[in-house]
Structure formats: structure tokens, C-alpha cells
Amino acid sequence: MYAAISAARQGVSVLLLDKSLVGRGGATIMAQMTVAAALGQEEPDDCATHLRDTLEAGRELCNEELAELLCYDGPARILEMEGWGTRWARAGDRIRQEIAPGHSRKRCCYVDFLNTGPAVAATLRRKVSEVAAIRRLSNIAVVDLIIEDGRAVGAIGLSLAEGELVTCHAKAIILAAGGLTKLYERNSASSNMGGEAYALALWAGAELIDMEFVQFFPIGHLAPRLVGMDPIMWDPFRYKLGGKLLNGSFAEFVDRYGAVDFGKYTVTRDIAAYAILKEVEAGRGTPHGGAYLDFRHVPEAQLRAAFGPVIDRLLSNGINLTKTPVEVGPTAHYQMGGIRVNTRMETCIKGLYAAGEAVGGANGANRLSGNAITEAFVFGARAGACAGAEAKTLSRNRDDKLAAVALDRIQSMPPRGSKRETAPVILQAELQKLMWEKAGPFRTGEKLSEALRRIRDMREQELTDLKIASDRAFNLDLQDWFELRAMLTTAEAVVTSALARTESRGAHQREDYPNLDPLHLKNQVLKLEEGALKSTWIDPVRRAAGLAENG
Amino acid sequence: MVEGSINKAVLRVRRGGPADTPRFEDFEVPFEDGMSVLDALRWIRIHRDSSLAIRYSCINANACKTCMALVDGQVEYTCIAKLLPGIVTVEPLPKRRLIRDLVTDVVPDEEKALLARQQPD
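Chains A and B, in that order, give the protein sequences.
Taking our numbering as reference, the numbering of the first sequence is continuous, increasing by one, and the terminal residue is 1555.
Taking our numbering as reference, the numbering of the second sequence is continuous, increasing by one, and the terminal residue is 171.
The following block holds chain A by itself, in its conformation from the complex:
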């Protein structure tokens, strides 16, 4: 949505397609947490310090130019959002900012109570609806891009309500379809995070970078079943109230894995995930395979002061924090890797841009809490401005014949008349389980190879032989099928990259290669060549000397 607003400012007309209802899907709407930007309103802070923290968390693999853009443009975007109506929590005339793990300053803004994502999504929805040059279309899942002479010129989408394919022509295209957390059985995603942006980019001939770096959020909610809340909501609780991580025998354990925690919550995400799963592996986990998060030492008055109505929502779920700890554990949360772009958010395919989580590289091997929504704003604004500016320079470029060819190809794709009883959603569930077990937070060459074999079987043998209902209107089998097609390509990209990186760094942990390997201080680039994924290694992009100091 930010990209659409920014592109429209260039004086071009924008078509905004959303698989869900516009601005109601994806990851932002789920984010009940915080947004990091060096506003310096709680204590002195500057963009260079934010950048330093981001690069440090990224384990030396950040694309420093993208990280710099994220940190230096963040404050302006936060204030712009406030101008558009986002009510950041304030104390008098200053925006409140909290400390979060890995940040060296109080830097993370939020909207009370645990309402950051829905609030910023509402702001952007309203803003988008006010811009006449933006036409919004809901329930269109883009299933392929139209490429002509190395330039992106259009897209084909499935219109769910009618069960029909539609073609769209464009002078420039921005992929902003978010991450891939739906590939995993345990995830904190909404229903439309199947990694389609990455698959679309690969099929179009663009490159992906560092797909092995999937961030597993260490304390996703496991049990008891909690509805009406974001499964990763425990993070802000820990910022404000501490909260102790305990193993299945109610003992603290994080300190045994080389980090200090003790209720202060300063341990980084990768170490916390590692510590919890190692405890589970050693037989010291909780009944649902995680750790306990315990707030019983925090007085109820303090709980209510910090989270007011949320405490009641928890009580309605049967959760009384003063009496019972909850079960938490690692859950797939964010993809650091993604589509390879330059600082104009351009891919190597002309006219094809990316924004938000779909972009790879800014966060290296591990993302700081709070950087995701900042990046959605900053990269969206940047991609929109650059794509809009480029589109203005192009004359009308529309080839109906080309679109018809692409449409024919897609139309013949979903299988018809299969005798099998397996629907796409069933194979999706199997893929999610496979990815969790074989390509999850802790990986081995053997498990990854098994995953790769199974994914290829699914793609080559089973994808073309699935049961699809014959209904036209709102046929979820059909949408699931296209989603599964993209999920399999993206899953193969993750597993291929994870196999090739024979070291442990940040979010990528190989039990058969437990150490950092200086030879792997490189980014991994993936590309489709004659239908096969090919991996190459490049040196990380370092920013020009002195830029940060001058910024």
C-alpha cells in the first residue's frame, strides 16, 4: 500500500492487487508489536546507531546499502504515517519508544494496546482509498508475470469470486506479497504468506538472495489455544514486564546457552530459539514441545497497567497470567532472504521491483525486532517512487497477443479430472510438516536432502494430479493449487540454499556444521536456469565509506 501511494505521487496510475481484501491480509495486519526507527524521542539516538545494531544482528551478511536505507529513511516514514493518522503511543509531546532485543537504544514505537499492525494497515487503507490514481482490486491472487524481452509487462491473476483468470498490463510491477512463513507447520502468519512473491520472481528470471535465512520467532504461542491475538504477542509483554523463560521442569535455562536472560529479555532471537529447542530435544520441554513463559512474579496491577484490555482478552481465553505460565516455542516468523534488488528496489528484470518482506538482504542472517514494518514503509515508498518514475518514461507497452499466450499456458495448468482424492490443501499440509521437520530451525544435510527429494516429487509427480472441485465461485481448491505451485518452488529455494550453506550463522543453524565459517561470509544468489535452481556466491554489498557518518 505504501508503494502504491508513493508510485501515484509520481503521477502514474496504479493498480493494487491483493489476494485477500486490500490491506487486510499479509503480515502487517498481524503485527501487534513495534516499529523501530531512530526518532530519538525517549533518549538520544541516531540513524547510524540503528544501522550499527542492524548490521551487527545481521551477522555480517546485510546488504549494507539496503540496511542503510531502512535505518535512515525510517524516522521520516514513521512521522509521515503519523501525519496520515497513525496514533503512535505518546507521552506528552514525544512518541513513546521502548527497548527491544538487539537494539542499543529505546527505539521501538507502537500503537496501544498491541494494535500496531492493524492501526498502520488502517491508516494505509484509508490513505490508499483517498488517492484517485490508485485502483484497488481485492481477491486477485497473482499467479504469473508476463515477461517480454526481459521486461515485466503484466501479470495474470486468479479472481477468486468468479473463478476466472484476469490479465493486467503494466509498465512496471512491484512485488509486495510478503514472506513465506506459511511454508511451515508452526508459523505466525496469516493465510496468505505462501512465498508467492519469491516464486513469481524466480519464474520471471529474477534472482533470490539468502533464502536459507528464515527467522524463527522464539516465543510464539503454543498452548493453550489462544484466539483473538497475534501468536507472537508475548514479545511486548517481555519488553515491558520481563517474564521468565522456564523449561518443562520450571527451571531457567537460557543462560546455559551463552546468553543472559533472567527476566530482562535481552537475548537475541536466534539464541532464544536455539535454547528452547535444545531443551525440548533433551527431553526438558513442555507438553506441547516448547518452554514456559512465566509472569507469575508480576503483580496483577502491573500487568493491567501495561496491557489493560489485553489482560481481559487473555482471561476470556482461560489464561490468567498471575496463576499459570503459557507454553511458547519457535515459530516461523519472517524471511530475511528474498528477491535480490538494488537500492532502487529493482530486480535484474527491467520493470520488476520488490518491496517489504519480499526484498532480501537488508537484514542479513538475522533481523532485529521492529525492523520489518519499518522496512515495509521504507522499501514500499522507495519502490513506488522508482517504479512510478520509470513508468512515466515509458510509452504504452501492451501486447495482447503475449498476454493471451501467457493466459493459455496458465489456463491449462490446474489439473482436471484427477482420480485421486488428494486436494491441494492436503498436500500443502504435508509440505508444511515436511518443512518444519526437515528444514526448520535446526538442519542437517541429511534432513535437507530428504526434504529436497520429497519437494521435487510433489512438484513433478503430484502437483499435476490433485483433486480440484468444479465450482467456479470462490473455489479455494483452485486458489490452493496455484498457491501450492508457488510454495513448492519457494520451499525448494529455501532447502537448496540451506543445503549449500555448510555453516551455522544467524537464523541458519546446521547441526552438522555448528560453527561460523569465514569462507561462507558471502551471500547466496539463486536463479532458475532451464528449470533448475542454480546457486552462486557473492560478496556482501558494503556501503560506501563514510556515508553513515555523513548521514
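Keep in mind the hints are simulated off the structure, nothing from the lab.
Take the hints with a grain of salt, since some may be wrong.
As the list claims (entries may be wrong) - To give an idea of the interface, some chain A residues facing chain B are shown, with a C-beta separation under 7 Å as derived from the structure:
id, residue
1, L1025
2, S1163
3, A1165
4, A1477
5, F1478
The structure displayed is predicted, hence computed values, not measured ones.
Where is the CB? At the ideal position from N, CA and C, for every residue including glycine.
For this one, chain A is given, so just place chain B on it according to the hints.
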């Protein structure tokens, strides 16, 4: 902590499109305490009948506000409506145009695809 016990609910779901005579289908769904009606509908799609049309996005955060239906006659967000043992009737919203099964037309007019469709032939 006591683990949630496994209960059973019967979801009585209204099926069909605008031109069909509405019919109800029963699905027996096992559930743990705390599970939602949407959890049960998603379970049905994987384990019983994937052709069931439902609309949802955020799954359980009650953030996307798109999963509304009539649950036992009341308008509810199915993602936060708790399952209870026994029969639970689920129907599409009555005041919206029916698309199919539990899905009704909640898309704002200006966001509809039909208006922008380019016929391929």
C-alpha cells in the same frame, strides 16, 4: 497446567450458491478446549471436504475482520467464536449477497475485479 481434553462438536454448515436450494451438511470435528469455529472449518477443509468455501485471512488474530458468519444465529467472527461440544450451526451472513457456502460479498464495490476484467478472447 492441565492439557486441553479432546471434545467433539458437530458443525452443521449451510452449503450451496445463490441459485441452489440451501442444504445443511453435518461434520463431526474433534477439538481441544479453546479452539474456534474457524479452526473447525479449516479442519473440515483439510480432513473432510476441501470444496467448502470460507473466507478468512489472519486465522486467529481477529485483525483482518473478514471471517464473519452466522454462528447459531448470531453474527460472529468465526476466528474468535469458541467451539463448544454439541451441534454448532454455521451459515453465511444473511444481509450480504451469497457467493457460495459461507462466503458472502463483503468486498467494497470499488475493489471488485469484474469491473476491470479484460476478456481474454
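Item to check | Hint numbers not upheld by this structure, sorted from lowest to highest | outcome: Of the numbered hints given earlier, the structure breaks none, since each of them holds.
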